[in-house]
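Chemist: Chain by chain, the residues run as shown.
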Amino acid sequence: MLGIASGVTVFGAILVFQLSSNLINNPNGWATVRGVGSVNADPLTKAIIAKVGIFANSKEQAIYLTGFAGEPGIIKRLLSKEKLTSSLKGGTHYQIIGNVHIPSNWWSITLYNEQDFLHGNPENRFSFSSFSINANEKGKFIIDVSPTRPPGSINWLPSPDKNGFSLKLRIYEPLPDLYNNISTYELPKILKVGAL
Amino acid sequence: MKKKLGLFFFSLTLTLALLWAGVLAAPGYLVNKRNQEYLIQANGYNNFYHQGLPDEKFKAFVSPSPDLLYSYLVFNTEKSALAVEIPPYNDYWVNQMVDDNTDSFAYVGYKTGSSDPIKFILYSDDTPPFEAPEGYQIIKSPSTIGTFLLRYLVRTQDDIRHLESIRRSIRVYAFSNESNKQ
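Read top to bottom, the protein sequences are chains C and H.
Following my numbering, the numbering of the first sequence begins with 1 at its first residue and continues without gaps.
Following my numbering, the numbering of the second sequence begins with 1 at its first residue and continues without gaps.
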């Protein structure tokens with residue numbers, strides 16, 4: 001029994017080490033995993049992607065980032081056995097502040113529920129993209145992520161009022177400079193405004 | 001003591017080996033499970049199934065993009081190569097080709113300014129020999145069975161109507177020297 005338990009523990013440690021060494025964090029609240037959609041990804045990464053994002057594109061086709069916004073990241077969640085991807089809290093107002101010009105063909109920010117499916121809402125608003133966002137003349141935008149529309153909000157992305165959820169930033173056909181420097185590029189910033 | 005230590009290392013090694021085997025088998029298992037569902041929806045191999053625009057009821061796979069129309073097909077190139085002809089669409093689209101271990105081995109898609117259909121022949125090691133026709137890109141799949149995932153960008157409701165017509169015009173057919181002569 002001790003051997004089996006030790007085997008599971010050692011395996012868990014390898015999993016955490018592998019994931020953390022492949023994790024790429026962007027200081028504006030986003031994270032991605034190195035090797036997504038790549039034939040050359042290590043077996044652990046490949047297995048995890050097959051489970052949480054089967055048929056993910058290669059980085060030349062699309063970059064996938066998950067929003068953490070200062071909430072516990074993927075490694076802490078793994079260690080505490082919380083759900084991996086739904087790191088944001090329901091009943092909370094977040095803002096995403098950014099510029100529409102991300103060097104790529106197009107991009108989108110989508111909200112998912114705890115089961116990683118789209119969150120139903122009366123507005124049928126599941127995402128904002130480079131072509132649907134309301135931005136000012138300089139390309140700046142603010143997305144309000146909240147269960148109810150904040151007064152004056154022109155880009156409201158409805159979120160759950162109780163359960164956790166996740167945000168995914170997809171950048172399609174990114175320029176090579178972007179995917180090579182994704183950890184430092186000035187991506188839209190996720191800010192926690194406060195609990196409602 | 002020595003016996004207990006031996007048993008400990010044996011069970012530890014065996015546990016690690018089993019967990020590692022699970023990791024290696026996971027992508028193949030998961031894609032096969034997904035493909036079995038697609039085969040039912042598409043009524044067999046080499047047929048596309050066209051999904052509507054994802055909303056909260058969409059459960060075909062996790063994390064769908066609500067800005068994309070998805071179509072998928074499970075291919076099987078055992079009996080013959082597969083010819084595929086996809087009409088042009090003047091915006092972002094891509095057909096991702098995935099083998100039976102979730103590895104993407106080819107992409108075809110939107111090229112700025114091109115109004116030509118995309119035409120390609122897909123084959124694998126098991127496919128009976130065939131003569132490549134002119135005007136077709138030749139693509140080799142690492143596995144006999146795999147998946148196409150076709151993504152179309154939708155900006156407006158008009159795009160959906162337009163894409164319905166385009167998707168109905170996609171041609172997929174078994175390609176052999178015999179069928180090419182007809």
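The set of hints was computed from the structure by calculation and includes no laboratory data.
Please read these numbers as outputs of a predicted model, since none were measured by experiment.
Wrong hints could be hidden among the right ones.
[As the list claims (entries may be wrong)] Some chain H residues close to chain C (C-beta under 7 Å, calculated; not the full set):
| id | residue |
| --- | --- |
| 1 | PRO66 |
| 2 | TYR70 |
| 3 | VAL108 |
[Claimed, not checked] Stretch-level coverage of chain H by chain C, calculated; a stretch enters the list once three of its residues show a Cβ under 8 Å from a Cβ in chain C:
| id | stretch |
| --- | --- |
| 4 | 5 to 16 |
| 5 | 32 to 45 |
| 6 | 77 to 84 |
| 7 | 122 to 129 |
| 8 | 157 to 167 |
Idealized CB from N, CA, C, for every residue including glycine.
Chemist: Going through the earlier hints one by one, which of them does the structure break, listed in rising order?
Modeler: Of the numbered hints given earlier, those the structure breaks are 2, 3, 5, 6, 7, 8, listed in rising order.
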